[in-house]
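S.K.: Residue-level listing of the chains:
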Amino acid sequence: MPIDPVLRVRDLDVAFATRDGAVRAADGVSFDLTRGKTLGLVGESGCGKSVTALSLLGLVPPPGRVRGGEILLDGRNLLTLPDKALDAERGRRISMIFQEPMTALNPVFTVGEQIAEVLRVHLDATKADAWDAAVAMMRRVGIANAPARAKSYPHQLSGGMRQRVMIAMALICKPDVLIADEPTTALDVTVQAQILDLMLEMQQELGTAILFISHDLGVVSEIADEVMVMYAGRVVERAPADSLFEAPLHPYTIGLIRTLPRMERRAGPLPAIPGAVPDLRTLPPGCRYAERCPQAMESCHQTDPELKGAGYGRSVACIRVAP
Amino acid sequence: MKPLLEARDVVKTFPIAGNRLFGRDGRRTHAVDGVSFRLEAGETLALVGESGCGKTTLARTAALLLAPDAGLLSFEGETVSGLGRRDLKPLRRRIQLIYQDPFGSLNPRLTAGAIIAEPLVIHGLGTAEERRKRVADLAEAVGLTAGDMERYPHQFSGGQRQRIAIARALAPEPCLIIADEPVSALDVSIQSQILNLLGKLKRERGLTYLFISHDLSVVRHIADRVAVMYLGRIVETGPVDDIFENPRHPYTRALLSAAPVIGRGKRRAHETLQGDVPDDAAGIEGCPFHPRCWITRAECFLTRPNLAPIVGDERHLSACHLRDEGRI
Amino acid sequence: MSRFLFHRLWQALIVLALMSFIIYGLMGLMPGDPIDLMITSNPEITSEDATRLRTLYGLDKPIIERYGNWLRAAVTGDFGYSRLQARPVLEVLPPALWNTLRLLGLSLVLSIAISIPMGVLAAARPYSKLDYTVNLLAFAGISVPAFWLGLLLIIVFSVILGVLPAGGTGTVGESGFWDQLRHLILPAATLTLASVGGHTRYVRGAMIEVLRQDYIRTALAKGLGRRRVLLKHALRNAMIPVTTILALDIGFLFSGALVTETVFAYPGMGKMIYDAILGNDFNLALVALLFATLLTVIGNLLADLAYAWLDPRISLR
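Chains A, F and E, in that order, are what the protein sequence lines are.
Note that our numbering has the first sequence beginning at 37, numbered continuously upward.
Note that our numbering has the second sequence beginning at 244, numbered continuously upward.
Note that our numbering has the third sequence beginning at 713, numbered continuously upward.
Chain A extracted, bound-state conformation (with noise of 0.2 angstroms):
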């Protein structure tokens, strides 16, 4: 029996304004979150993950806007929410964690006030059953010594403890979807496989949907059932995560991937990507990977490929793949 997505993206669209025009950072971007599975939201710097992830919860900074598309919580369109609705929503049915622990925490309060904040503004909790639930959610989220760690400040913690914290602080209201923006990147290695661990292990004893956006494969190859690629502000390819790896079908998936250095063996020269991410505000007509794209047919300069079907739950936009 399909279970429903708690979380449906349709046709996201979000520009900037900029001086030479609008800036599509995100164009037409569809997907859907699951209950307890974690979709896995891949590309490089400029690619729009970062800006769909912010159009979620409403954060997406100005000269940006979302011009259309819907984002359906459990059927409510959290686009055409008003402000004091979609607050009672954020932070407590769907959470956001970011990349950078130390400049995301308020540097003046405590982080056991950050957290019992949450309580008292979403559930009315009193101050004191508040605090108390911090600390236990602390403890939960493995920070020893969690009664007086909570009376610390932000600085006073380590990077890991920190990003703890923002775990913790997240998913006390027991959210349905969390939104994790990069959260291990400015982490070491050995605390980076920590967090990931904690945050599998809080999926599945809170049943959370999960969107994990990195620019780290390895990673997401770590945390995700399923995969989305962007480019250039465009889904390229989505597909269920062993088979996205095993078998990449767009050109870029391809590329990525096989660019990469591997840790189980030494290679050659690695095969480069050849050029750079195209400049948003002068894309090129057709494809916008077609300039770097090995396998680009006269085609791909002047059509602009949809993400189509695949097959065993996969779509991909490449006319090469998918006509």
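Hints are computed from structural coordinates only; laboratory data are not their basis.
All of these numbers come straight from a predicted model, not from anything done at the bench.
Don't take every hint at face value.
Claimed, not checked - No farther apart than 20 angstroms at their CA atoms in a straight line, the calculated lysine to any residue pairs in the SDA-like style are these:
1) F:Lys443 / A:Pro305
2) E:Lys944 / A:Val157
3) F:Lys509 / A:Glu241
4) A:Lys163 / E:Gly937
5) A:Lys187 / E:Gly937
As the list claims (entries may be wrong) - Label-pair ranges, simulated between beta-carbon atoms:
6) A:Pro98 / E:Gly737: 53 to 61 angstroms
7) F:Ala389 / E:Arg924: 38 to 46 angstroms
8) E:Leu725 / F:Arg271: 27 to 35 angstroms
9) F:Val554 / E:Arg924: 32 to 40 angstroms
10) E:Gly917 / A:Arg46: 40 to 48 angstroms
11) A:Asp47 / F:Phe346: 34 to 42 angstroms
12) A:Ala58 / E:Ala852: 47 to 55 angstroms
13) F:Gly526 / E:Val821: 15 to 23 angstroms
14) A:Arg298 / E:Gly917: 44 to 52 angstroms
15) F:Asn350 / A:Lys120: 45 to 53 angstroms
16) F:Asn350 / E:Leu960: 32 to 40 angstroms
Think of the CB as a built atom: it goes at the ideal place given N, C-alpha and C, for glycine as much as any other residue.
Once you have looked at the hints, place chains F and E on chain A.
M.R.: This is chains F and E only, laid out in the frame that chain A set:
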């Protein structure tokens, strides 16, 4: 044959901001706590470790930017650790640095050409005409055009800025290049381009690299030898394949398990190293790693293991009491 | 903490001693002395009288010696006599000080009460019409000279409308609280209007800087609502630099008070310093100026203490 760069028991400390009101309380943090290594000409030695392990401090000491508090540093057979500024200057030509942040390491007010020419100017190499020619050659060698030389750093992409930094490092014809996380800030598709470039330049010009990275897959790709650091000390060192396939120190093992690998499927929690890196090793008796280690014995709590070769392989050293008990 | 305070106290004493030397020297460099003033006001003083008077007052000795004498006396608490008022300096100071503190206190409170809300509102909606208006008013406040403003207020409220007194601290014959307050209104308004522009810009700037930070985004992501994020998360951080500046401003306001007090003939420290310098009243001027220095030093200390108190990342050293 004499190694190009040799360190013996190098120590570098920094004062800790004490809590006392005035006057320091004399405590210092040992960023580099007795490190010895040899770097042979023509090889790439990778320094690996997490934050606070001392790799950056060690690199800066090797680059002659910091003077060691104790121990010996020698370059091309000559002792350099006690030298004064004037004597060090000609040596600086031979040792060059490439940094992690491609934007921060370039002067935003100079054109790319001026940036690349700067070391030549500082060391008084060549006439203006010769310098111009050299800059053009270097630009080509790193994949930039002559026209690019007139532009400013903010007009380039991250990968291109790193190419400028590399060209600048090559300008005075060094023999040793110390690269501190040179590709960590770059997109994956650009990272490979830069790694390929660094490999090519090394082969063409007979360079030696001291390469710092936290990314083990990058290290596997470019290094000949690896040194793993923890809390200011080298805990394991050896040829790259040995280290990756036959680690003889639990910390190395932990790093290898933690590094994300494509195709392994989802993580399994029991392999993960627990706990945080302590602030410094002072106050830990015995092996500094024992509080987090899962294979400790009695001696681990009492005596600090030395960095010593494993039985049967002179080139593979480990600072673990269990080094000879097989792969960890 | 007590070590920190002790350290600062020690520093303050050194600063005061140094300042006393400098001020004494500067005043000694000024042309003329009290005897010259006496001569101009009383043509019958002969040159022998002048010489005799100078010897009497010790004005013929070199300046270093005079300073030494003053210092010796000052250390024992004897700050000498005010020549103009013929009373010990320590008797003359307190009432003037009290007047100035009242004036400064009131205008500081008013300025804070206006600048914080205005700054916050402007920062919450940058580049909106409200923001532009606030900015315009702030610049007007900064640009307008205090004395001109004072005179303008006097013209409007005292002369044309006749509702507020033009100067002084109290009406002769009355001494009620309300009377004193009425006399404070115009000078306080002048001083406030002169400083509120700058303060508003500080608050706005600090808020804008804070609102750009990542933790504000996190707070919004937690669903706390704009108002709570603005007033609790943002303001608390913005207050750190603002408090520091306000505390440092205490010293500054003091000199602003000088102009205002003169315009309104308000007998505070500022006016007293002004009169004392012009009247060559060495002792009074010196001690009053030292007092101003002390206030600035205290302001600095308060700024550091406030900073350490508000920002948990800072510890006092």
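S.K.: So, for every hint listed, does it hold in this structure?
M.R.: Consistency of the hints with the structure:
no.: 1; hint: F:Lys443 / A:Pro305; in the structure: 9 angstroms, holds
no.: 2; hint: E:Lys944 / A:Val157; in the structure: 13 angstroms, holds
no.: 3; hint: F:Lys509 / A:Glu241; in the structure: 17 angstroms, holds
no.: 4; hint: A:Lys163 / E:Gly937; in the structure: 19 angstroms, holds
no.: 5; hint: A:Lys187 / E:Gly937; in the structure: 24 angstroms, violated
no.: 6; hint: A:Pro98 / E:Gly737: 53 to 61 angstroms; in the structure: 58 angstroms, holds
no.: 7; hint: F:Ala389 / E:Arg924: 38 to 46 angstroms; in the structure: 40 angstroms, holds
no.: 8; hint: E:Leu725 / F:Arg271: 27 to 35 angstroms; in the structure: 34 angstroms, holds
no.: 9; hint: F:Val554 / E:Arg924: 32 to 40 angstroms; in the structure: 59 angstroms, violated
no.: 10; hint: E:Gly917 / A:Arg46: 40 to 48 angstroms; in the structure: 41 angstroms, holds
no.: 11; hint: A:Asp47 / F:Phe346: 34 to 42 angstroms; in the structure: 35 angstroms, holds
no.: 12; hint: A:Ala58 / E:Ala852: 47 to 55 angstroms; in the structure: 38 angstroms, violated
no.: 13; hint: F:Gly526 / E:Val821: 15 to 23 angstroms; in the structure: 52 angstroms, violated
no.: 14; hint: A:Arg298 / E:Gly917: 44 to 52 angstroms; in the structure: 50 angstroms, holds
no.: 15; hint: F:Asn350 / A:Lys120: 45 to 53 angstroms; in the structure: 49 angstroms, holds
no.: 16; hint: F:Asn350 / E:Leu960: 32 to 40 angstroms; in the structure: 34 angstroms, holds
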